[in-house]
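Residues in the sequence shown are numbered consecutively from 12, following the working numbering.
Incorrect hints may appear among the rest.
[Claimed, not checked] Listed next, the in silico BS3-like pairs over lysine-lysine satisfying Cα-Cα at most 27 Å (straight line):
(1) Lys62 <-> Lys49
(2) Lys47 <-> Lys134
(3) Lys62 <-> Lys47
(4) Lys188 <-> Lys134
(5) Lys424 <-> Lys188
(6) Lys262 <-> Lys188
(7) Lys262 <-> Lys387
(8) Lys262 <-> Lys424
(9) Lys262 <-> Lys305
(10) Lys134 <-> Lys118
[Claimed, not checked] Computed spacing ranges between beta-carbons, pair by pair:
(11) Ser152 <-> Asp209: 29 to 35 Å
(12) Gln257 <-> Gln171: 34 to 40 Å
(13) His126 <-> Asp209: 18 to 24 Å
Because the hints were derived from the structure by calculation, they are not lab data.
No residue lacks a Cβ here, since even glycine has one placed at the ideal position from N, Cα and C.
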Amino acid sequence: MAPREIRSPWRRESGKAVLSHGARQIALTALRLWRKEKRFADSIISGLSAKAALTPSDRAFALELFYGVLRNLTLLDFWVSCLRASRVESDLRDILRLGLYQLFLLKTAQHAAVHETVELAPKSQRTIINAMLRAATRQRSDLLARAWAQPLFVRTSHPQFLVERWLQHFGLEQAEKLCEWNNLPAPVYARVNLLRIDRTEFLRRYPESRPLPDNPNFVEIDSFPSDALERGHCYIQDPSTAIACQLLDPKPGERILDACAAPGGKTGYIAQLMENAGTIVACDRDPERLQILKENMARLGVGNVRILRHDWTHGHVPSEIASVALFDRILIDAPCTNTGVMRRRVDLRWRLRRIDFVRMQQRQIEIVRRLIPLLKLNGVLVYSTCSLEPEENEEVVRRILAETPALRLQAQKHSLPFRDGFDGAFTARLTRSA
């Protein structure tokens, strides 16, 4: 008997390897890589999608499955435990997660969800997967009711310690809204880049864009035409990011330091507010992100920026900065835990640890301390994060003010998703009086 052919999941197309499986297989492969390798979800799925022979609709379906399972991990595992009391092996659990997500949350047709999910499994596991998924369809009403009776962290799939923090900070109603918000797909917003095009012309060229009533610099759109981005007519950016730039209030001709600038969304908006006149020094510590910053500034037509690599938590101030005049305004868009943008970073919740809030606060304070001497008398320093946590926001400002009598707090703003409808953000405007 001839040996059985071992089929590879890859095939060749135009000289490169491409996955020959469908969207469900891509999603399953991504889940297993995420679980085993602890890499960022976006990086995993984008890498697999780039190599896969998928139609646009299948690619979108793979993304929906992968991100949907990650958003609902605890809830899906609760249902698995309801269906089988004994331990479920990890690879089998991933397949069940995909099947239950399709049946209960994506509302895929029952036959397709069960049949296609069973086909993902090795033959030795197909009987048990088929039995569990069919049991789930029969027990649907009971399983949904049991899930609704679970604590908030289970039914919305967030780490328990994080939900407990939010319950303490915001109360039950707002914490529940926040958790539900994090599980929704994020809409796409963009800032109209007035250095390249005016608002009227932008709306004429891209009639599918919807201007925001309270912020005419921003539009919402389901999918941006590639030429709008390539021509620098707009920049993908949540409206909450505008708060820091607006409180900074840069003027044409001034010297501005954007201390943690990459990938450049706020830098570009600052240049627009300055009408490309004056100087922006934009720093970041990561060379790859700095390259993205350079490319973004070129595409947006920003002509008044100097880009430097520097880590404010290490070493002395670069000579290019130390040897020149002090800055009129400094923006510190500090590294943070990103809890205000959790719906855009799907696996972030599973990476956070309790210690991260204190660890990040120490880093944030260190950065602010190093930058205060670079601010001129009567200058403005804006501190911002995309975190919702007091340790990274009010407590950082309070500690800096306590140890720096020359600074005064002028304004402080929050963007709260459950209240404002945009990403979470915190911004404080300080001035130097001596």
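The hints, checked one at a time:
1. Lys62 <-> Lys49: 20 Å, holds
2. Lys47 <-> Lys134: 23 Å, holds
3. Lys62 <-> Lys47: The hint holds at about 20 Å.
4. Lys188 <-> Lys134: Judged against 27 Å, a Cα distance of about 42 Å means the pair is violated.
5. Lys424 <-> Lys188: 20 Å, holds
6. Lys262 <-> Lys188: Violated, at roughly 38 Å.
7. Lys262 <-> Lys387: 15 Å, holds
8. Lys262 <-> Lys424: At roughly 21 Å apart (the allowed maximum being 27 Å), Lys424 and Lys262 satisfy the hint.
9. Lys262 <-> Lys305: 22 Å, holds
10. Lys134 <-> Lys118: Given that 27 Å is the threshold and the Cα spacing comes to 26 Å, the pair holds.
11. Ser152 <-> Asp209: 29 to 35 Å: Given about 55 Å between the Cβ atoms, the range is violated.
12. Gln257 <-> Gln171: 34 to 40 Å: Holds: the Cβ-Cβ distance is about 37 Å, inside 34 to 40 Å.
13. His126 <-> Asp209: 18 to 24 Å: 54 Å, violated
Checked against the numbered hints given earlier, the structure breaks hints 4, 6, 11 and 13 and satisfies all the rest.
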